[in-house]
Amino acid sequence: MNNLSMYVARESGLHNLHPLTKSLLVLCLLTAGLALPGRWIGYIIFLAFILPLALWGKIFWELIRAVWKITWPLALSVLLIQSLFWGKGTPIFEFWGIAPKEEGILFAFISIGRIILTMSDFILFAMTTRPDTLMISLKQVGMPSGLAYIVVTTLQIIPSFQRKASTILDAQRSRGLETQGNILVRSRALVPLVLPLVLGSLMDVEERAIAIQARAFGAKREETSLIEIPDTNEQKIFRRILIILIPTIILFRVLWQLFK
Amino acid sequence: MAIVQVSNVTYKYPLTDVPVLKNISLQIEEGEFVAIVGPNGAGKSTLCYTLAGFVPHFFKGELTGLVEVAGMESSQTTLDEWVLNVGLAFQNPFNQISGAKYTVFEELAFGLENIGVPRDEMRARVNEAMELTGISDLANRSPYSLSGGQQQRVALASILVMQPKVLILDEPTSQMDPIGTREVFGVIRKMAEQGMTVVLVEHKVEWIAQFADRVIALKDGQILLDGTPSEVLTSPILEESGFGISRYTSVARKAQELGLWKKDRLPITLDEAVEGFSLALAPSSSPNRRGEQLP
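Chains as they are written, first to last, in my numbering: chain A, 1 to 260; chain B, 1 to 295.
Derived by calculation from the structure, the hints in this document are not laboratory data.
No residue lacks a Cβ here, since even glycine has one placed at the ideal position from N, Cα and C.
Possibly wrong hints are sitting among the right ones.
In the SDA-like style, the derived pairs of lysine to any residue whose C-alpha atoms are separated by at most 25 Å in a straight line are [said to hold, decoys possible]: (1) A/220 with B/120; (2) A/220 with B/144; (3) B/165 with A/222; (4) A/220 with B/165; (5) A/164 with B/78; (6) A/139 with B/165; (7) A/220 with B/75.
Away from chain A, derived, C-beta distances all over 12 Å, residues of chain B [what the hints assert, rightly or not]: (8) 25; (9) 80; (10) 123; (11) 230; (12) 242; (13) 282.
The task is simple: from the sequences and hints, build the whole structure.
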């Protein structure tokens, strides 16, 4: 699929879960990992839930790779900043005024755990859920279809927007536009590149609006959908449990904070 | 009662002073295949948008006169209702892809989902439309991965699948090769024979000559000529007004000037040209095969 979505097409139980079940599940895991007490809870949820789920969804290595790519620069900067700029604490060593603190490093690792959990949670969902099925199921629970349309099309149209930008770039270069050099040269090149892109896109929007209107997008009728999203009674029950569980976790955390 | 009834329509786009359509009146019968020709800026696309309901409902602007299509009157009907009876496909196929679907099959189903067609019927109608337009083998491809000509077929199919009473097509074959164009014209012809009313804007006069029932020539927002392809496409007025004419007609006109063309009427298709030139070139006694090889 030539679009921005991270979806990885596989045949797996996780892929076949109803998108609402899946979104509640990842929301619940995220809430648990961020709200439950305990320093290492982020890592625990990641190891005990996210990774097994990724295995089930047959996207284990894809997930690890994606999480690593996004997380390591963040993790590195968190580690450096927290360890070096921690106010009062026990320095591990001192060298030319550089004194990383033990407490800072500990805090950094706790934060990194949360980052890993948050990233992997979203990626797990994005890799196993087709955006259009998500939107269909959200429409079924009351999301306006215009909003659903915008979300799905954006994922597909941005890559075509990029292609268009590079066509304009080639066209203007071939007519002798200087696009390389110092800041002044580059910023001068910006107008003839951005203007056609923006104006052209506005015209595209008008045509697209006509095209979807011609296909009864505005019709005030009960919509149907070609794609059938399988749902089971077990999943419906599971969703109810999750809907109760998520606020319970938050409530538990609040009470814990009050009475510990 | 005509299915399309346009009476004294004048239309100005917003923020402009010059009307694009000037006092247009025309009637189209059910099942008719009408082609509209005209130079750039003649108002062809605007006329299409008018018949399809987008003028004035989408573009706003100032419309006077009466537009009636399939029993609906433009000023009394919303665009949402209008499009259920009138289908529109236009030139740029890329912008006609909804962007919300991942395969051609789903893309075709988009319109049917919007009007609440049950799933089984949807599948059947999509399959039928794909077969008709020759895109069945593309069913599982992404609409964005297709060539311009293929995308145009998808755009046409996604309107055909809606089964409109009136089909408005604004240069639907602009990115197609000659084989694709012939196939699409064949499909349009077939739809007209099944009772669909078709209004087609097209520059490729040779195809119009072969397939359309009627041709309307538009210039500066006014109807210049209206009649059968043979009447309109061979009219001297057409050439004087800067329209493209079929090469068969122009060759025969040259021949006529030299006194070689013997028939009353100029040809608009290859067959007619061959027939006329065989008559002109063959001595009455011996049959001359050369004539048939002329362009």
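Worksheet item: Against chain A, does residue 80 of chain B keep a CB gap of more than 12 Å to every residue?
Response: Check fails; 4 Å does not lie beyond 12 Å.
Practice prompt. Quick one: work out the minimum CB distance from residue 242 of chain B to chain A and report holds if it exceeds 12 Å, violated otherwise.
Written response: holds (27 Å)
Item to complete: Below or equal to 25 Å on CA atoms is what counts here, so check residue 165 of chain B against residue 222 of chain A.
Response: holds (22 Å)
Worksheet entry | Pair hint outcome, residue 220 of chain A versus residue 75 of chain B [Cα-Cα no greater than 25 Å] | holds (19 Å)
Item to complete: May I ask you to check that residue 123 of chain B keeps its beta-carbon over 12 Å from the closest beta-carbon of chain A?
Response: At about 7 Å from chain A, residue 123 of chain B fails to clear the 12 Å cut-off, so the statement is violated.
Practice prompt. Given the hint that residue 220 of chain A pairs with residue 165 of chain B, test it: the Cα-Cα distance must not exceed 25 Å.
Written response: Distance of about 20 Å is within 25 Å: holds.
Worksheet entry | residue 220 of chain A paired with residue 120 of chain B [C-alpha distance capped at 25 Å] | Holds. Residue 220 of chain A to residue 120 of chain B sits at ~21 Å (cutoff 25 Å).
Item to complete: Decide if the proposed pair is consistent with the structure: residue 220 of chain A and residue 144 of chain B, CA atoms, cutoff 25 Å inclusive.
Response: violated (28 Å)
Worksheet entry | 25 Å limit on alpha-carbon distance, applied to hinted pair residue 139 of chain A and residue 165 of chain B | At roughly 30 Å apart (the allowed maximum being 25 Å), residue 165 of chain B and residue 139 of chain A break the hint.
Worksheet item: Taking only the CA atoms, is the gap from residue 164 of chain A to residue 78 of chain B under or equal to 25 Å?
Response: violated (35 Å)
Practice prompt. Over 12 Å to the closest beta carbon of chain A is the bar; see if residue 230 of chain B clears it.
Written response: holds (32 Å)
Discussion item. According to the definition I'm using, a residue is off the interface if its beta carbon is farther than 12 Å from all beta carbons of the partner; does residue 282 of chain B meet that for chain A?
Written reply: The claim stands: residue 282 of chain B keeps its Cβ more than 12 Å from every Cβ of chain A (closest is about 52 Å).
The structure fails to meet hints 2, 5, 6, 9 and 10 from the earlier list, while all remaining hints are met.
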